[in-house]
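Participant: What follows is each chain in one-letter form.
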Amino acid sequence: MIKRLFLAALITSTAFLSSCLTSLNRLVTHSTVSNDNRIAGSWQFEDVHIKIESIPVSNFYKELMASIKTKEEVKSAFDSKEDSILYSNSYVAEFVKNGYRYYMICSQVKLGGNLFVNLEPVEAKPINKTIDQDMEELFSGGSYMTSNSIAKLVFKENEIEFQFINPDFIRSQLKNGRLAIKYEKDDLFATDLITASSLDLQHFLAKYGKDERLYNKENTVILKKI
Amino acid sequence: MSSPIRCMIIEDEPLAQNVLKKYIDEVPSLGLIAVCSNAMEAQDIVQTKNIQLLFLDINLPKLSGVNFLKTLPDPPLVIFTTAYPEFAVEGFELDAIDYLVKPISFERFLKAINKVLNKKSRQPGNLPEDKNADDFILLKADKKVYKINLEDILYAEATGDYVKVITLEGQYTANITLKKLLEDLPASDFIRVHKSYIISASKIKFFEGNYIKVGQTDIPIGAAFREEIFSRFKEKNI
Amino acid sequence: MSARKINMNSRNMRIMHHILFIILAFFILLHIFKFNSPPASVDYVYTTLFLATVLPVVYLHLYWLLPKLSNKPFLVSYFIPLALITAVSIWINIQLFDHWSAILFPGFYFISYYAWWEVSLFFITLIVLATLLKLSKSWFLVNRLQKELLEKEKQRVQEELKALKAQVNPHFFFNTLNSIYSMSLDKDERLPATILQLSELMRYFLYQSNEELVPLAKEIEVLNDYIALQRIRSDEKLDIQTVIDGDTEQQKIAPLLLIPFLENSFKHGVKGEVGATFIKLKISLNGNSLSFLLENNKGTVDAVEKNDHKGLGLGNVKRRLELLYPGKHHLKIQDQGKDFIVNLQMQL
Chain A
1 MIKRLFLAAL ITSTAFLSSC LTSLNRLVTH STVSNDNRIA GSWQFEDVHI
51 KIESIPVSNF YKELMASIKT KEEVKSAFDS KEDSILYSNS YVAEFVKNGY
101 RYYMICSQVK LGGNLFVNLE PVEAKPINKT IDQDMEELFS GGSYMTSNSI
151 AKLVFKENEI EFQFINPDFI RSQLKNGRLA IKYEKDDLFA TDLITASSLD
201 LQHFLAKYGK DERLYNKENT VILKKI
Chain B
1 MSSPIRCMII EDEPLAQNVL KKYIDEVPSL GLIAVCSNAM EAQDIVQTKN
51 IQLLFLDINL PKLSGVNFLK TLPDPPLVIF TTAYPEFAVE GFELDAIDYL
101 VKPISFERFL KAINKVLNKK SRQPGNLPED KNADDFILLK ADKKVYKINL
151 EDILYAEATG DYVKVITLEG QYTANITLKK LLEDLPASDF IRVHKSYIIS
201 ASKIKFFEGN YIKVGQTDIP IGAAFREEIF SRFKEKNI
Chain C
1 MSARKINMNS RNMRIMHHIL FIILAFFILL HIFKFNSPPA SVDYVYTTLF
51 LATVLPVVYL HLYWLLPKLS NKPFLVSYFI PLALITAVSI WINIQLFDHW
101 SAILFPGFYF ISYYAWWEVS LFFITLIVLA TLLKLSKSWF LVNRLQKELL
151 EKEKQRVQEE LKALKAQVNP HFFFNTLNSI YSMSLDKDER LPATILQLSE
201 LMRYFLYQSN EELVPLAKEI EVLNDYIALQ RIRSDEKLDI QTVIDGDTEQ
251 QKIAPLLLIP FLENSFKHGV KGEVGATFIK LKISLNGNSL SFLLENNKGT
301 VDAVEKNDHK GLGLGNVKRR LELLYPGKHH LKIQDQGKDF IVNLQMQL
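Residue numbers (the numbering used here), protein chains in the order written: chain A, 1 to 226; chain B, 1 to 238; chain C, 1 to 348.
Do not rely on the hints blindly, as some may be mistaken.
[To be verified] If we take Cβ atoms under 7 Å as the criterion, some of the chain C residues that face chain A in the derived model are:
(1) Phe35
(2) Ala40
(3) Ser41
(4) Val42
(5) Tyr46
(6) Gly107
(7) Phe108
(8) Tyr109
(9) Ile111
(10) Tyr114
[To be verified] Cross-link-like lysine to aspartate or glutamate pairs, in silico, EDC-like; alpha carbons within 16 Å at most:
(11) A:Lys207 to C:Asp98
(12) B:Lys119 to B:Asp189
(13) B:Lys21 to C:Asp186
(14) C:Lys267 to B:Asp12
(15) C:Lys298 to C:Asp239
(16) B:Lys180 to B:Glu107
(17) B:Lys22 to C:Asp98
(18) B:Lys205 to B:Asp189
(19) A:Lys225 to A:Glu46
(20) B:Lys144 to B:Asp25
(21) B:Lys195 to B:Glu183
(22) C:Lys218 to C:Asp239
(23) B:Lys49 to B:Asp74
(24) C:Lys237 to B:Asp135
(25) C:Lys34 to A:Glu184
(26) B:Lys22 to C:Asp186
(27) C:Lys218 to C:Asp247
(28) B:Lys179 to B:Glu157
(29) B:Lys62 to C:Asp302
(30) B:Lys70 to C:Asp302
(31) A:Lys210 to C:Asp98
(32) B:Lys120 to B:Asp135
I should point out that these hints are in silico values taken from the structure, not numbers from a laboratory. C-beta: ideal position from N, C-alpha, C; glycine also.
Can you make the complete structure from the sequences, with help from the hints?
Facilitator: Written as structure tokens, this is what we have:
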């Protein structure tokens, strides 16, 4: 569990941020998913080129369909009907960093007048197949736990701002007993896993999504349109 | 014939005095010497007039009957007559012969007198030759009070509600129960041999089977009394 | 302990019970709501707010609706109001956590974690619990009151029995019967009248003495019977004078207030002296003012009566006068001089 968490956190952090707040459950559910097309397109962040497409038309989907036919191994993400509805309305971000190609599913939801996105890493595959076997399919084996990150989306002219929730703020509020949300603490790796249900997460952001203290510059990622 | 017993009444209510006066009148062996309505008056008379039997009320003015009795150095025989039943125990502790509660019936009065007579006949002062003369009981029969000498009695028979007392002189029909009569007779001389018979031990002629010959009559022995009779006579060596 | 003090004590007890209940509910809910052990400040705030929305319903139910349960129609006067206030409070509860708490407690972050039906369950549980507690308290109270009532009733009956026993002085009756017996032996012509007087007296003692008030004329008549019966028991040296003055027909008096004084006169005065004895009785009535003057010679009698046959007793009469005619009577007993004098003035 820890190892996998670490890896999940690693992905997000190597991709974007120095530290991260992860949630066990997705923010977005099939009944609340919002489909805002403005997220789709080609974007640049620092030296990484990111392509975001609607899942049904994406490479990721094509590859996935292909792999199912051949291996008969169904990724748990597509087990249920609800999930297929959810993914049909979600987007996938594809990018390469440090020799790995990453897929992250982006699901959007409107809460309390703001748009939020749930980021769920689903694959990290080495580009050249020279790297170790056990690093190859990081998320295969079927028994990994999804972890999600949450950010507020602000669309600007040719820019998307991903305002990730500030983990230090959350951590300090948790430590001071001012935040009531289900979570699990792991001091060793300085990670906190939010274990609140999707519904609770939605309620939370519907109510507190506007609170500026949840976000800061260090945790905001700006993608520029290419 | 011995002289009548010298009696005194100490009673403050005139009507109550009246009752006792009448009763004493009916009984030949009693003689009324004095009547007082309080204890102070009586003090002198008890000593000077040689009173043998005292009819004493308890609720008297100034000095109660009980306390008065305690002051007497050599008290006579006492019968308490009172409306207060609660002093009976104290009364008997003072060796009263009897404790009569008002209103007193004549039968009850007579029973108390028989107790007095029983007691008197056992007093050490009596000489043997006087003994027989004093041995009698009082029995109310035919609206009269008879004095019956104990040595004249043969036996008594219960008939219905009455008791026939057969003596050498004749017979008397008394309105009394056999049980009560037995209480009045000295136990050493009179035995109940049957549910309906009391006999005088001294008049037994002989035993024959289930009968005892008393005088001229055969008296049956009751099953319940058999054992007691035989053990008693074995002791007496008759 | 005065009645006010008792009331305050039981009120304080009730407040204590309520405080205990609220504290207990608070801690149980806190334990349920907390996200981690030990509970954090946000848990306390959350629980307090939650409780603040539940308690009004609980208490409204206990003190306003529950008493109405026995009313008909039960549905309209109990059930519908209950459902209404519960629904409103649940709504307030959810609104509070989803929206208002951010304004009230800006430093804390929490939402409503339960769906409306889960919240209703909390509400219903607390309402039922509070009701059960109150009912069981009432049950204990009723039990205790019942026991007290039974005890008081038993006491009252025993007192009445004692009083009744005390009223009928058996010695008086037996002595009188003895007098009657004596008269019958002589065929005394006083006999029939005496028997009637005794039967009147007994009837009065046994029946009328239970009533609150009797006609004053009746009490005086019985008084005269009593004197007559006592007179035949005494000797000719007793001098009795009775004077009744005024209109006694209209007035009423509590029974057996006057006779004890006479009983006392005969018992201690007449019976207590050898030689000449006397009793002087004067009753005057002026409107509803009664004047009762009784004088007799002093005497001494050895303490013959045991306590339970003390009869009516002067102490008993004094107490009854205080209870029945408070501030409306004046009793003066003179024991110092050569005679014994009772002076009773009272408003009937």
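Participant: Compare the structure with each hint and give your call.
Facilitator: The hints, checked one at a time:
no., hint, verdict
1, Phe35, "6 Å, holds"
2, Ala40, "3 Å, holds"
3, Ser41, "4 Å, holds"
4, Val42, "4 Å, holds"
5, Tyr46, "6 Å, holds"
6, Gly107, "6 Å, holds"
7, Phe108, "5 Å, holds"
8, Tyr109, "5 Å, holds"
9, Ile111, "4 Å, holds"
10, Tyr114, "10 Å, violated"
11, A:Lys207 to C:Asp98, "7 Å, holds"
12, B:Lys119 to B:Asp189, "15 Å, holds"
13, B:Lys21 to C:Asp186, "12 Å, holds"
14, C:Lys267 to B:Asp12, "13 Å, holds"
15, C:Lys298 to C:Asp239, "14 Å, holds"
16, B:Lys180 to B:Glu107, "11 Å, holds"
17, B:Lys22 to C:Asp98, "112 Å, violated"
18, B:Lys205 to B:Asp189, "15 Å, holds"
19, A:Lys225 to A:Glu46, "12 Å, holds"
20, B:Lys144 to B:Asp25, "12 Å, holds"
21, B:Lys195 to B:Glu183, "15 Å, holds"
22, C:Lys218 to C:Asp239, "24 Å, violated"
23, B:Lys49 to B:Asp74, "13 Å, holds"
24, C:Lys237 to B:Asp135, "44 Å, violated"
25, C:Lys34 to A:Glu184, "14 Å, holds"
26, B:Lys22 to C:Asp186, "9 Å, holds"
27, C:Lys218 to C:Asp247, "13 Å, holds"
28, B:Lys179 to B:Glu157, "11 Å, holds"
29, B:Lys62 to C:Asp302, "6 Å, holds"
30, B:Lys70 to C:Asp302, "14 Å, holds"
31, A:Lys210 to C:Asp98, "14 Å, holds"
32, B:Lys120 to B:Asp135, "9 Å, holds"
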